[in-house]
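Visitor: Here is what each chain is made of, one letter per residue.
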Amino acid sequence: MSRFGTPADPDYSARLAEFEVRIERGEKIEPGDWMPEEYRRQLVRMISQHAHSEVVGMLPEGAWISRAPSLKRKMILIAKVQDEAGHGQYLYHAAETLGVSREEMLEALLTGKAKYSSIFNYPTLTWADIGTIGWLVDGAAIKNQTMLAACSYGPYSRAMVRICAEETFHHKQGKEMVILYGKGTPKQRAMAQDAINRWWWPALMMLGPHDADSPNTGVLTRWGVKTKSNDTVRQEFINEHAPEILEAGLTLPDPELHQDEQGNWIHGPINWDEFWAVVKGNGPMNKERLEARRKAHEEGEWVREALAAYAVKKQSAVAV
Amino acid sequence: MWVVRADDIASWTRETIAEGVKALGSQPSAVCRFALFRKTTHKRSMTFVDYVGEIEADSPESALGQAVEKFADTEALAWWVIRLEAIYKSDPDSQTIESWFAPAKEKTYKQQSYYATVGSHASKYNPRAAREDEDEG
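Chains as they are written, first to last, in my numbering: chain W, 165 to 484; chain F, 23 to 159.
The hints are simulated quantities; they were obtained by calculation from the structure and are not laboratory data. Take the hints with a grain of salt, since some may be wrong.
Stated by the list, open to error - PhoX-like cross-link-like pairs, simulated, lysine-lysine; straight-line CA separation at most 25 Å:
hint, chain 1, residue 1, chain 2, residue 2
1, F, 132, W, 347
2, W, 392, F, 92
3, F, 132, W, 238
Unchecked claim - Footprint (simulated), chain F over chain W, 3 or more residues, beta carbon under 8 Å:
hint, region
4, 239–245
5, 314–326
6, 336–342
7, 382–395
8, 399–407
Glycine included, every Cβ here is placed at the ideal spot set by N, Cα and C.
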């Protein structure tokens, strides 16, 4: 018996009503519980794309491991990239609880059917980009993931709690670095400012389209997956980061940025054409990211074959 | 540290118990000891279930039945029932255990507290902070 209901099922309305009461009561939906097929489909999409984002996110930063300016920065960067591999694992595992396999998820990524966060389609041009990614990109991710930690699907909410615990290290190491460069030599200050100029708007866009333009927001909110809107999370992000960046002696590439009477930082218009172009595959690094993932998958074929052969060997040894 | 294959975990949620759904991972067995784990809260947590004890039974379903009666102090939202033999347990030697935490003690740069930065709450660009300063006089 399938625990994923569709409107064609005779008991669908009653089941759906019960399910929505559970969500309303703040209950966690766990693997094996009845859920609408649409809930499952949305979560498989969200969680697998979140997992893909972690793994693809290792690429822009991984490119700088060999070029870190000091051993300390290199160890910190390696630890961060290693964490991201782990985060991908937590998330693929959470998605698997919904009945999708790793092979299916990986296939979707490598064929370009599945997306990953738009932010990772931008290049890391200088070392200051590494600090800026930690500060702005992980900063935005923390806001989003803190919101998702309250979501209705148990495995996803628990994965968010684990990830946020490690993400705070990623955030702080980046912030500390950029603040340091902001107070450093003219060359360091210029590098830090240039990085902020290039990453600020993509970080704002990372939190998703305005609520009115977000196609999945309705059902995700109704079923307790999104507990805050994109615009709300974006506002939280700016309210925290704008003062800190200004405090660091740096500027923001938004001539219209100002505070309202309540102290909220109001941003200028976002260039959504750029966002949609990147989402649709026409960002600066989309092609390179996918090629890198495909290459890694092809070059890892021999490892998978070896593991499979070893598993068969162990099985027949046990059988005897 | 205890490790078990996902296939060896027989799991039920309150909903699947109420509906008599067969457990995910339920395999028949002869009489043996089962380890029991239970989820008791919907609150945000890093863990799904907590260990509560052991029971002897001839099947995961029968172990669950006993567990529900024995541990009725609080309503369980989910149960895991696992044959003890299926669990790989690490060496309980204290030096072994200590060695796992050594990197955490050495690699302090993985802790967010290692990075001393001042937050927006104390920034002069945050009007709330400025107002609080004024209040404190």
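Visitor: Taking the hints in turn, state whether each one holds.
Guide: Hint-by-hint comparison with the structure:
| no. | hint | result |
| --- | --- | --- |
| 1 | F/132 <-> W/347 | holds, 24 Å |
| 2 | W/392 <-> F/92 | violated, 41 Å |
| 3 | F/132 <-> W/238 | holds, 12 Å |
| 4 | 239–245 | holds (count 3) |
| 5 | 314–326 | holds (count 7) |
| 6 | 336–342 | holds (count 4) |
| 7 | 382–395 | violated (count 0) |
| 8 | 399–407 | holds (count 5) |
Violation of the numbered hints given earlier is confined to hints 2 and 7; the remaining hints are satisfied by the structure.
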